[in-house]
Each structure stands twice: as C-alpha cells, then as structure tokens.
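S.K.: Here is how the chains run, residue by residue.
There are 2 protein chains.
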Amino acid sequence: MVLHGYWRSGTSYRTRIALNIKGLAYRQEPVDLREGEQKSASYLALNPQGLVPALECDDGILTQSSAIIEWLDERYPEPALFPTGGAERAKVRAMAMTVACDIHPLNNLRILKYLRRELEVDQQGVDAWAGTWIAAGFDALEATIGQHGGRFAYGDTLTAVDCHLVPQVYSAERFNVDCTRWPRLMQAVENARGEPPVAAAHPDNQPDAD
Amino acid sequence: MVLHGYWRSGTSYRTRIALNIKGLAYRQEPVDLREGEQKSASYLALNPQGLVPALECDDGILTQSSAIIEWLDERYPEPALFPTGGAERAKVRAMAMTVACDIHPLNNLRILKYLRRELEVDQQGVDAWAGTWIAAGFDALEATIGQHGGRFAYGDTLTAVDCHLVPQVYSAERFNVDCTRWPRLMQAVENARGEPPVAAAHPDNQPDAD
Numbered sequence: 001m002v003l004h005g006y007w008r009s010g011t012s013y014r015t016r017i018a019l020n021i022k023g024l025a026y027r028q029e030p031v032d033l034r035e036g037e038q039k040s041a042s043y044l045a046l047n048p049q050g051l052v053p054a055l056e057c058d059d060g061i062l063t064q065s066s067a068i069i070e071w072l073d074e075r076y077p078e079p080a081l082f083p084t085g086g087a088e089r090a091k092v093r094a095m096a097m098t099v100a101c102d103i104h105p106l107n108n109l110r111i112l113k114y115l116r117r118e119l120e121v122d123q124q125g126v127d128a129w130a131g132t133w134i135a136a137g138f139d140a141l142e143a144t145i146g147q148h149g150g151r152f153a154y155g156d157t158l159t160a161v162d163c164h165l166v167p168q169v170y171s172a173e174r175f176n177v178d179c180t181r182w183p184r185l186m187q188a189v190e191n192a193r194g195e196p197p198v199a200a201a202h203p204d205n206q207p208d209a210d
Numbered sequence: 001m002v003l004h005g006y007w008r009s010g011t012s013y014r015t016r017i018a019l020n021i022k023g024l025a026y027r028q029e030p031v032d033l034r035e036g037e038q039k040s041a042s043y044l045a046l047n048p049q050g051l052v053p054a055l056e057c058d059d060g061i062l063t064q065s066s067a068i069i070e071w072l073d074e075r076y077p078e079p080a081l082f083p084t085g086g087a088e089r090a091k092v093r094a095m096a097m098t099v100a101c102d103i104h105p106l107n108n109l110r111i112l113k114y115l116r117r118e119l120e121v122d123q124q125g126v127d128a129w130a131g132t133w134i135a136a137g138f139d140a141l142e143a144t145i146g147q148h149g150g151r152f153a154y155g156d157t158l159t160a161v162d163c164h165l166v167p168q169v170y171s172a173e174r175f176n177v178d179c180t181r182w183p184r185l186m187q188a189v190e191n192a193r194g195e196p197p198v199a200a201a202h203p204d205n206q207p208d209a210d
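Those protein sequence lines, which keep their order, are chains A and B.
Residues in the first sequence are numbered consecutively from 1, following UniProt numbering.
Residues in the second sequence are numbered consecutively from 1, following UniProt numbering.
These are computed hints drawn from the structure, not numbers from a lab.
Glycine included, every Cβ here is placed at the ideal spot set by N, Cα and C.
Fair warning: there could be bad hints in the mix.
Unchecked claim - Restraint-style ranges between C-beta atoms, simulated for each label pair:
1) A:SER40 to B:THR84: 32 to 38 Å
2) A:PRO79 to B:TYR76: 27 to 33 Å
3) B:GLN124 to A:GLU35: 42 to 48 Å
4) A:ASP204 to B:ALA209: 47 to 53 Å
5) A:ASP204 to B:GLY86: 38 to 44 Å
6) A:PRO196 to B:TYR76: 35 to 41 Å
7) A:GLU37 to B:ALA80: 36 to 42 Å
8) B:PRO207 to A:ALA200: 47 to 53 Å
9) B:ALA80 to A:ASP58: 22 to 28 Å
10) B:GLN124 to A:GLY194: 38 to 44 Å
11) A:TYR26 to B:GLY146: 27 to 33 Å
12) A:ARG193 to B:GLU74: 26 to 32 Å
13) B:LEU109 to A:TYR26: 37 to 43 Å
14) B:MET1 to A:ARG193: 35 to 41 Å
As the list claims (entries may be wrong) - Per the computed footprint, the stretches of chain A lying under chain B, defined by three or more beta-carbons under 8 Å from a beta-carbon of chain B, are:
15) 56-65
16) 164-171
In isolation and in its complexed conformation, chain A is listed as follows:
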C-alpha cells in the first residue's frame, strides 16, 4: 500500500495510526501541503478533491481518512478499531466524528489561509478561532471519555477514537491551546501516545518531517 500524505496533516497522522495498529506495511509518498503539491496535476489525478491523504491499495485509491479507517477495519478485522456491539460501535463512531466533523475541518490549512488572506484575521485571531472549536469538542469528549474511557479514550484497547484524538491534540498543542483543562482526555492521549504503533505515526517520525 502507498499512503500519500503529509507529515503534519492530522488526517494523514490518523491514517498512519490505524495502519500501524493493524500492523500493515505501507510506503509513504509525501505531498508537501506548504508547496501546494496537493493541487498538482499528478495528485489531483489520484484525488480530485486535492486533499490528503489518499491510500493506494488493491481496492483502488481510497480517500477521506475516516472512511479509510472504516475500510481498514472491515478488510483487516484484527485488532479491531471498533467494538462489536451496536451501541458501543455507535458511541465510538460518534466520538471519532466529533473530531472528524466538528473540530478538525475548521482548523485545517485551507481554512487558516482563508481566515488570514480573505478575512485578514491576525495570528491571535486565528488562535482564538481554532481554540474555540477545539475547546467545544474537547469539552464534550472530556465528558464522554469520563463515561466510556479506560486506559484509552474508549475502553482499554486502542480504537478509532484514539486514531482521531491523538492527532487532534497534536494540532491543539500547535495552536497553543492549554490541554490541561481536559485531564481525562489527556490521560487517554498520553497512554495512547506511549503505544508503539501510535508513537511510530507521530509527525516527527515521518520521512518528510522538517
């Protein structure tokens, strides 16, 4: 498999965590977002949406990291990234979607560029913007993790929630958000970060890192 992504992209980071948990081998093909390589003809031929990541596999070219994680779990069931019971699956998906829909899309590179260039928002304003949506989502997740968390964000095994949450905390820290306000969430993230498949997925450990 070939993962087209970018070391610092949260959605690429998510996908690397899931691939690593499944113990799958993959080659990384860097797409430098700072250089606009996601809009190059060669990348658009892979993913017309011009967003990372894209995963080349025997089922074709897969896009949208949350959809890729679902595919990985169906194709390579062990170790499972989702519980088996209906209520539990729904909860894990809802927690992952809180990051995937309600936090991450508001703070990614294209949005920050628009805020800066089109709306002339300064750095303090950008940090306030990002911090607002991160706090709203993390407040909700702190409560849910308090209810359903164990060693990790949902129970005692790594799930799709951890795949989404660990990169979101990495992003929050880059926006200088004080994450000590969410102690339960941070404990789960610390525990997840200590697991080798998660640690190996960290941006600093990628071939295209600065």
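Put chain B on the given structure of chain A with help from the hints.
M.R.: The following block gives chain B in isolation, referenced to the frame of chain A:
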C-alpha cells in the same frame, strides 16, 4: 424512536432521510436552534455536545448524524444505505464524508454566528465563505458522481451519499449558490428529492417548520 432535531438543520435532515428510507417510525422532538434550545440543560443532558440531532432508541441516545446512519444500516440492514463490496463501501463513505467533514461543518449556525459576531463579516462575506467550501466539495463530488453515479449519487439506489447530499444542496440554495454549475450532481439530487422517503424528510414538511 425519538429524533431530537431542528427542521432546517442539515444533520437532522440527513437523519430523517435515512430513517425514512429504512421505513422506521419515529417521533420528532423539536430543538429550536434559533432560540438556543440546544444549550438548554434538558438538551445537554441528552447530548453534552449541544448539537442536533440526537436519536433516542433502544441502544440509548445516539449522536452525530453520520454515526447514526451507520448504526441504522447495521441495525436495519434493508434497504441498504451502503453497498456490500469493500471498494464500493469505501467510495460511498468517502463521498458522504466529503459533505460531512469538508462542507457542512464550515457553514453551520455556530460558525456563521462566529463569523458575524467575532470577525464582523458581513452577509456578502458570509455567503462568499459558505460558497467557497460548497464549491470545493461539489466540484469534487461532480467528478465522483460522473464516475459512480446512476439514477442517484452512487448507482441506482439511494445510499448514504444521498442522505448527506440532498440536505447540503438545500443549504447551498439558501446561501444563493448557483448549483447549475454541477449538473450531474443536481440531476442525482433531483432524482433523490422525487423519492417519497426523501421528500417526506424535507424541512418544510416537518412539524416545527415556520
């Protein structure tokens, strides 16, 4: 089942379409977003995130519309909202996620309020903001629907893509986006809108509509 939602909310609309396609009976409990009812103590007790929808069912209280749609499809398999093959499932999920992650979250009520109040963006600026992300997502979907669409957005049966796409077009029309730029997408949406389960889910047909 009880669906807590709001007639004009795109995520409530999505969930109604899915429930209707499955032929399930449900009662609607309105949460008036204009009145801030999503932040009331009684609603926060149901969904601490303070976002609609929330579905009360025998598996508890489910949140996040895209996660609810997955739950519905697992719990009530017929008619299926996702194809059975791995590559096809991944594609349907990726198309749905393009709406759920890359378009809708950027244009919902809390974001528009922030743009107006905190960043002092005027109505023209708000329309330009919304139009930018709708166009980026619809450009990508127009290409994908050209490849995979049939009578509907993916093939010839209603799928999770239609559940997500029909409400997004409703929203685009409210932002005065000229949707004739995406003819293949609009044809699929027109066909879906003509189906009774989809038509019944339209905001104007809900008990709490203006």
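S.K.: Each hint should be assessed against the structure and marked as holding or not.
M.R.: Right, here's what the structure says about each hint:
1. Judged by the Cβ atoms, the range 32 to 38 Å given for SER40 of chain A and THR84 of chain B holds: they are separated by roughly 35 Å.
2. The hinted window of 27 to 33 Å between PRO79 of chain A and TYR76 of chain B holds, with their beta carbons roughly 28 Å apart.
3. Checking the proposed 42 to 48 Å range against GLN124 of chain B and GLU35 of chain A shows it is violated: the Cβ atoms sit about 32 Å from each other.
4. Checking the proposed 47 to 53 Å range against ASP204 of chain A and ALA209 of chain B shows it holds: the Cβ atoms sit about 52 Å from each other.
5. Hint check: ASP204 of chain A to GLY86 of chain B, Cβ distance near 33 Å, so the stated range 38 to 44 Å is violated.
6. Look at PRO196 of chain A against TYR76 of chain B: about 39 Å separates their beta carbons, and that is inside 35 to 41 Å.
7. As the Cβ distance of GLU37 of chain A to ALA80 of chain B is approximately 37 Å, the hint placing it in 36 to 42 Å holds.
8. Between PRO207 of chain B and ALA200 of chain A the C-beta distance comes to about 52 Å, which sits within the given range of 47 to 53 Å.
9. Separation of ALA80 of chain B from ASP58 of chain A is about 23 Å and conforms to the stated range, judged on CB atoms against 22 to 28 Å.
10. In this structure the supplied range 38 to 44 Å is violated for GLN124 of chain B paired with GLY194 of chain A, their Cβ-Cβ distance being about 50 Å.
11. Taking the beta carbon of each, TYR26 of chain A and GLY146 of chain B are about 29 Å apart, inside 27 to 33 Å as hinted.
12. Against the hinted window of 26 to 32 Å, the Cβ-Cβ separation of ARG193 of chain A and GLU74 of chain B comes to about 31 Å, which satisfies the hint.
13. Distance hint for LEU109 of chain B and TYR26 of chain A: a CB-CB separation of about 39 Å, consistent with the stated range 37 to 43 Å.
14. Taken as a hint, the range 35 to 41 Å holds for the pair MET1 of chain B and ARG193 of chain A, whose Cβ atoms sit roughly 39 Å apart.
15. With 5 residues bearing a CB less than 8 Å from a CB of chain B, the segment 56-65 of chain A meets the requirement of three and the coverage assertion stands.
16. For the segment 164-171 of chain A, the proposed coverage by chain B is not satisfied: 0 residues have a C-beta within less than 8 Å of a C-beta in that chain, short of the threshold of three.
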